[in-house]
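2 protein chains.
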Amino acid sequence: MQRPLILVTNDDGITAPGVRNLVNFMNEIGEVVVVAPNSPQSGKGHAITINSTLTFEEINLEGPQKDYSLSGTPVDCVKFALDKILTRKPDLVVSGINHGANSSINVIYSGTMSAAVEAGVEGLQSIGFSLLDFSWDADFTQAKSHIQEIVKKVLKNPMPKGVVLNVNIPKLAKDEIKGIRVCKQADAKWEESFDQRVNPHGKTYFWLSGYFNNMDTSSDADEVALSEGYISVVPVKFDLTAYEYMQDLKGILE
Amino acid sequence: MQRPLILVTNDDGITAPGVRNLVNFMNEIGEVVVVAPNSPQSGKGHAITINSTLTFEEINLEGPQKDYSLSGTPVDCVKFALDKILTRKPDLVVSGINHGANSSINVIYSGTMSAAVEAGVEGLQSIGFSLLDFSWDADFTQAKSHIQEIVKKVLKNPMPKGVVLNVNIPKLAKDEIKGIRVCKQADAKWEESFDQRVNPHGKTYFWLSGYFNNMDTSSDADEVALSEGYISVVPVKFDLTAYEYMQDLKGILE
Chain A
1 MQRPLILVTN DDGITAPGVR NLVNFMNEIG EVVVVAPNSP QSGKGHAITI
51 NSTLTFEEIN LEGPQKDYSL SGTPVDCVKF ALDKILTRKP DLVVSGINHG
101 ANSSINVIYS GTMSAAVEAG VEGLQSIGFS LLDFSWDADF TQAKSHIQEI
151 VKKVLKNPMP KGVVLNVNIP KLAKDEIKGI RVCKQADAKW EESFDQRVNP
201 HGKTYFWLSG YFNNMDTSSD ADEVALSEGY ISVVPVKFDL TAYEYMQDLK
251 GILE
Chain B
1 MQRPLILVTN DDGITAPGVR NLVNFMNEIG EVVVVAPNSP QSGKGHAITI
51 NSTLTFEEIN LEGPQKDYSL SGTPVDCVKF ALDKILTRKP DLVVSGINHG
101 ANSSINVIYS GTMSAAVEAG VEGLQSIGFS LLDFSWDADF TQAKSHIQEI
151 VKKVLKNPMP KGVVLNVNIP KLAKDEIKGI RVCKQADAKW EESFDQRVNP
201 HGKTYFWLSG YFNNMDTSSD ADEVALSEGY ISVVPVKFDL TAYEYMQDLK
251 GILE
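In order, the protein sequences belong to chains A and B. If you use our numbering, the first sequence corresponds to residues 1 to 254, in order. If you use our numbering, the second sequence corresponds to residues 1 to 254, in order.
I should point out that these hints are in silico values taken from the structure, not numbers from a laboratory. Among the clues, some could well be false.
The list treats identical chains as one, so a pair stands whether inside a single copy or across any two.
Dumping the calculated DSS-like pairs for lysine-lysine here, alpha-carbon to alpha-carbon at most 27 Å [unchecked claim]:
(1) Lys-161 to Lys-237
(2) Lys-237 to Lys-189
(3) Lys-203 to Lys-174
(4) Lys-89 to Lys-189
(5) Lys-203 to Lys-66
(6) Lys-156 to Lys-237
(7) Lys-237 to Lys-152
(8) Lys-250 to Lys-174
(9) Lys-237 to Lys-250
(10) Lys-144 to Lys-171
(11) Lys-178 to Lys-161
(12) Lys-250 to Lys-144
(13) Lys-203 to Lys-84
(14) Lys-171 to Lys-250
(15) Lys-153 to Lys-171
(16) Lys-153 to Lys-250
(17) Lys-89 to Lys-153
(18) Lys-250 to Lys-189
(19) Lys-203 to Lys-144
(20) Lys-178 to Lys-250
Note that this is a predicted model, so its numbers are computed, not measured.
Required output: the full structure, derived from the provided sequences and hints.
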């Protein structure tokens, strides 16, 4: 039997420790092809490259997988891999492991999750992984067995069309992780406060800054599960229609 | 009574005819402040600027509104406007009018809609408008009365928290537009085919290309409404949780 073909991508760039760890974990499960950005793409959301060109190159990194670096966004990587690099349809697309959380509302800003969503749009099984640790030398190995378990279970139990997974891993030692909890996206947001500075030429400029505000205390919210030591898994869909409001809206607009 | 405060943004840049038309339409309804990108930002999705700085300037354009141009993405514009420019909470945020469709799956790639969604995350009433005409000199006036009608009705009938509107307008003359239809996001996707070329130095490069494939023929799909001559209005939410799959997923993963 053919080993499953697993496409790996991320948004921190092809050399980021997070994706190299994910590649190592996936090499034990299937045949791995990596197509990832040649530079960090955090916060790129579902951006695509339409007004400039793309280049790619095969690079040699440790391990049995093939590695291709692309001059584009995470979503570009998925599109390009499917059209130009892979010779058969992948059984699974995994994105990450992101250096930093993509829980709750962060799903909509995340390049990691946008790559996973793009794979879902293409009709593929797809999972995004993120660790709640922004550090470049974060420890990604503590969740290895859980990540491999989730991947194997998804390969065995394919998700319905239109659903991908958003997996977030708490920053805890291996034996402190309490397990896996299926969650909903917590109701949370960033409270912005732009940091204002003046450059040496007297011109004012700003850095996006702020703090994260979780407003959701329900037991099945991903932020709550993470704070209690669980790996959160949110099934994410990309049909954004608010069906429950359609009838009221018809009454107002039609 | 105070006139409603309307924040206007877009993704084609502050001087694009689409946003200038929308500003003119909104000036007849409320007090208008424009905070829009200083350069085209199409396809930027929900990108935010986190690894570089932002600058803005007030510019003088025709009309009673105030115009601010920002060196960021559409989502940056909404965040920046709320934190640094507006002195009171806007009654409505409108984004667009985009030069080109943001119907069906295009909602997830669209800077126009990401700005609208960001406003929704901030707890504001919000609408994105797009015209099915990529041309820079497209006629935006044919839908003026419909756009103003939608805005007035939303101001009068606030939407529930977590819902924003995605409005697409067919490329038709005023008397050919059949009316407004509340729709769901059609099941559709882009079939990619990257266009491969060689530069003068012998290096291969690619342009993202492809064609749009609508797979949804249901009468309430936005693509169908548009093809039948209606303005499509999809209520869009940003809680991406696939609630209907949570129970099954618990059985698989927990």
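One pair to classify: Lys-161 and Lys-237, alpha carbons no more than 27 Å apart. Within, between, both, or neither?
both (9 Å within a copy, 19 Å between copies)
Are the CA atoms of Lys-203 and Lys-84 at most 27 Å apart within a copy, between copies, both, or neither?
For Lys-203 and Lys-84, the Cα distance is within 27 Å only across copies (16 Å; inside one copy 45 Å).
For Lys-171 vs Lys-250, is the C-alpha pair at or below 27 Å within one copy, between two copies, both, or neither?
between (46 Å within a copy, 23 Å between copies)
Please work out whether the CA atoms of Lys-250 and Lys-189 approach to 27 Å or closer within one copy, between two copies, in both situations, or in neither?
between (29 Å within a copy, 26 Å between copies)
Using 27 Å as the alpha carbon limit, work out where Lys-89 and Lys-189 are close: within a copy, between copies, both or neither.
between (36 Å within a copy, 17 Å between copies)
Measure nothing new, just compare the shortest in-copy and cross-copy C-alpha distances for Lys-153 and Lys-250 to 27 Å and report within, between, both or neither.
between (41 Å within a copy, 12 Å between copies)
Regarding Lys-237 and Lys-189, is the shortest C-alpha distance of 27 Å or less found within a copy, between copies, in both, or in neither?
both (19 Å within a copy, 14 Å between copies)
Can you tell me if Lys-250 and Lys-174 fall within 27 Å by alpha carbon in one copy, between copies, both or neither?
between (51 Å within a copy, 22 Å between copies)
At most 27 Å between alpha carbons: which applies to Lys-203 and Lys-144, within, between, both or neither?
Answer is neither: 48 Å inside a copy and 39 Å across each miss the 27 Å cutoff.
With 27 Å as the alpha-carbon cut-off, assign the pair Lys-250 and Lys-144 to within, between, both or neither.
between (49 Å within a copy, 20 Å between copies)
Which holds for Lys-203 with Lys-66 at a C-alpha limit of 27 Å: within a copy, between copies, both or neither?
between (46 Å within a copy, 21 Å between copies)
For the identical chains here, do Lys-237 and Lys-152 meet the 27 Å Cα criterion within one copy, between copies, both, or neither?
within (21 Å within a copy, 31 Å between copies)
In summary, the numbered hints that this structure violates are 3, 11 and 19.
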